[in-house]
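Novice: Quick mapping for you: the protein sequence lines, in order, are chains A and L.
Count along the first sequence starting at 1, add 9, and that's the number in my numbering.
Count along the second sequence starting at 1, add 77, and that's the number in my numbering.
No wet-lab data here; the hints were simulated from the structure.
Only a predicted model underlies this, so the values are computations on that prediction, with no experimental measurement involved.
Some hints here could point you the wrong way.
What the hints assert, rightly or not - Per label pair, the in silico range of CB-to-CB distance:
1. A/Phe24 - L/Val190: 32 to 38 Å
2. A/Pro143 - L/Gly187: 31 to 37 Å
3. L/Val182 - A/Glu299: 42 to 48 Å
Unchecked claim - For the chain L half of the interface with chain A, some residues (derived, Cβ under 8 Å), not all of them:
4. Ile139
5. Phe149
6. Ser162
7. Thr170
Glycine residues also receive a C-beta, built at the ideal position from the N, C-alpha and C atoms.
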Amino acid sequence: MELLDNLALGFSTAFLVQNVLYCFVGVLLGTAVGVLPGIGPTATVAMLLPITFNFEPVTALIMLAGIYYGAQYGGSTTAILINLPGESSAAVTALDGHEMARQGRAGPALATAAIGSFFAGTVATLVLAVAAPPLARVALEFGPADYFSLVLLGLILSIALARGSTLKALGMIALGILFGTVGQDIYTGTPRFTFDQRELYGGIDFVSVAVGLFGVAEILRNLGNEDSRTAVISKVRNLWPTKEDRRRIVAPILRGTGLGAALGVLPGGGHVLASFTSYAVEKRVSKRPEEFGHGAIEGVAGPESANNAAAQTSFIPLLTLGLPAHPVMALMVGAFIVHGITPGPNVINEEPALFWGLIASMWIGNLLLLLLNLPLIGMWVQMLRIPYPVLFPMIILFAAIGTYSLNFNAFDVYAIVFFGLLGYILIKCGCEPAPMLLGFVLGPLLEEHLRRALIISRGDPTVFLTRPISAALLAVAVAALVIAVLPVIRKRREQVFAEEE
Amino acid sequence: MIGGAFVVGSLSYSLGTPLRMGPGYFPLLVGGIMTALGIGIVVKGLVAGEPITLGAVPWRAIAAIVLAVVFFGFFVRRLGFVPTSAVTALLTTLASSRVKPLWAVAVAAGLTVGATLIFVVGLQLRIPLFGPWLQF
């Protein structure tokens with residue numbers, strides 16, 4: 010049983026005192042930022058990334074991963090209690106969860122979300138453990154042409170991250186790639202777009218980009234409509250679901266887990282997609298579809314399980330292919346790189362303790378989340394009372410310190426101002442910054458593989474079509490692009506996002 | 078909307094064209110795609126006749142935050158961690174029109190102490206607490 014041996018190795022790594030401790034810190038922070046509106050996991054991970062430089066690589070990654078799935082969890086709490094999803098994937102939970110809270114059944118709703126998430130997290134972690142090694146072996150067969158096509162596919166699928174026009178999302182990706190080309194050229198060493206600034210030779214630091222786009226821009230947006238924040242907080246009683254509730258949530262949790270685990274693998278906001286799909290499925294299979302939107306417990310159980318399962322399985326493309334599926338994953342790539350590990354198929358062989366430790370820690374993290382959330386729900390509710398005027402200077406200050414401590418370079422700090430303003434302008438114009446960050450991270454990879462493939466093929470561009478893996482991936486990419494542009498699907502996507510608003 | 082498209086379009090022009098082949102090949106390619114997309118967005122915006130609706134722009138917030146972060150970048154080496162953090166936090170609080178002065182000072186002080194404890198004491202960041210400008 011190779012799998013059991015591997016898991017044993019993983020747990021022995023993950024149960025080290027400092028790893029459990031930082032896993033705890035990670036999920037705690039993650040839940041906190043998930044609960045607090047106006048600061049998401051992307052900004053948090055970006056800010057904390059510099060801090061983790063001093064840690065062991067595995068500890069750093071465990072903590073960052075904890076922030077990510079902790080935030081998925083925390084987001085549902087606010088969605089249920091005050092109809093304010095802290096994270097985009099929790100938006101569906103708000104539909105029925107908040108309705109339940111208004112009927113005085115906030116307790117069972119929260120418990121359902123917690124139990125569903127825990128179950129889904131456990132299963133999805135197992136899926137990750139089983140599916141990752143064979144995928145990594147497949148990935149080793151990939152040549153540069155295949156990688157190029159894969160990255161391109163990932164980028165195109167990330168359109169799903171952006172609400173609104175496909176054209177704009179594509180534009181954002183291209184803009185991200187262009188920012189990614191700043192710095193010395195990989196083959197000739199020629200400086201590009203550096204405007205004779207020495208600091209730009211090494212490229213723009215992606216932490217600055219992420220902090221600017223997701224931290225600073227978000228704050229500017231929130232300050233733009235300051236008076237719209239109101240919080241009505243209901244009392245939470247009777248945590249345990251009734252027997253009837255328990256019976257009703259079993260099937261949705263199972264379905265949600267399956268859906269989430271499958272969709273999470275897709276690059277580009279799989280967890281948002283997963284929770285919406287799960288909600289739609291539950292509504293369709295339910296014997297009482299009219300209850301949905303009026304406090305149906307299935308409408309909490311399904312999507313919550315789905316988004317948590319997807320949060321776990323979205324690590325699959327990262328760990329096996331080195332391809333981030335989500336802006337947070339893009340930051341994790343950065344975390345791997347600063348610790349001198351190239352994310353991709355080799356991680357599993359070269360750093361088995363890290364790989365399996367990370368997976369095992371996810372299960373521990375889910376357990377911690379369950380313990381953390383059910384008894385401490387009152388504490389999270391209290392956190393909502395922190396006034397924004399305290400919160401945003403804290404975010405800005407930590408962002409500035411975090412970015413500065415990266416290289417002790419003032420230039421990185423100026424860069425967050427630039428990207429903050431840019432992100433704000435883009436948000437105002439209806440362009441989402443998430444595809445841009447993915448473009449920024451994946452752009453250099455795309456270029457490198459494109460050029461390497463062309464060098465190997467002696468400049469013959471048909472290499473992308475003659476290699477089977479590459480051709481198949483390109484076909485999927487084209488199909489995805491066509492689907493995204495087709496009006497029917499676009500309308501449905503608009504509906505989905507309209508519900509989210 | 079149209080404004081955004083122009084930002085996008087102009088960026089691609091200035092970045093995409095003045096490059097030699099070789100290192101410039103890839104950016105030129107992407108720049109071209111970018112330009113096409115930018116034009117596409119503009120045309121779509123014009124055809125649909127959508128007006129530019131940017132809404133209220135929080136100039137005060139933008140100015141305060143830009144100033145605060147630039148201040149941090151410029152002075153952290155010169156003044157050291159503690160005074161720079163305090164001023165940065167104070168400047169940031171000015172971004173919100175709802176913050177009273179006393180409250181702002183309290184928040185800034187609290188954050189400075191907190192940040193110092195976390196980053197310098199807790200994580201042993203190598204930034205001097207007080208920089209060369211303050212050592213007489």
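Novice: Please name the hints from earlier in the document that this structure breaks, with their numbers sorted from lowest to highest.
Specialist: The structure conflicts with hints 2, 3, although it agrees with all the remaining ones.
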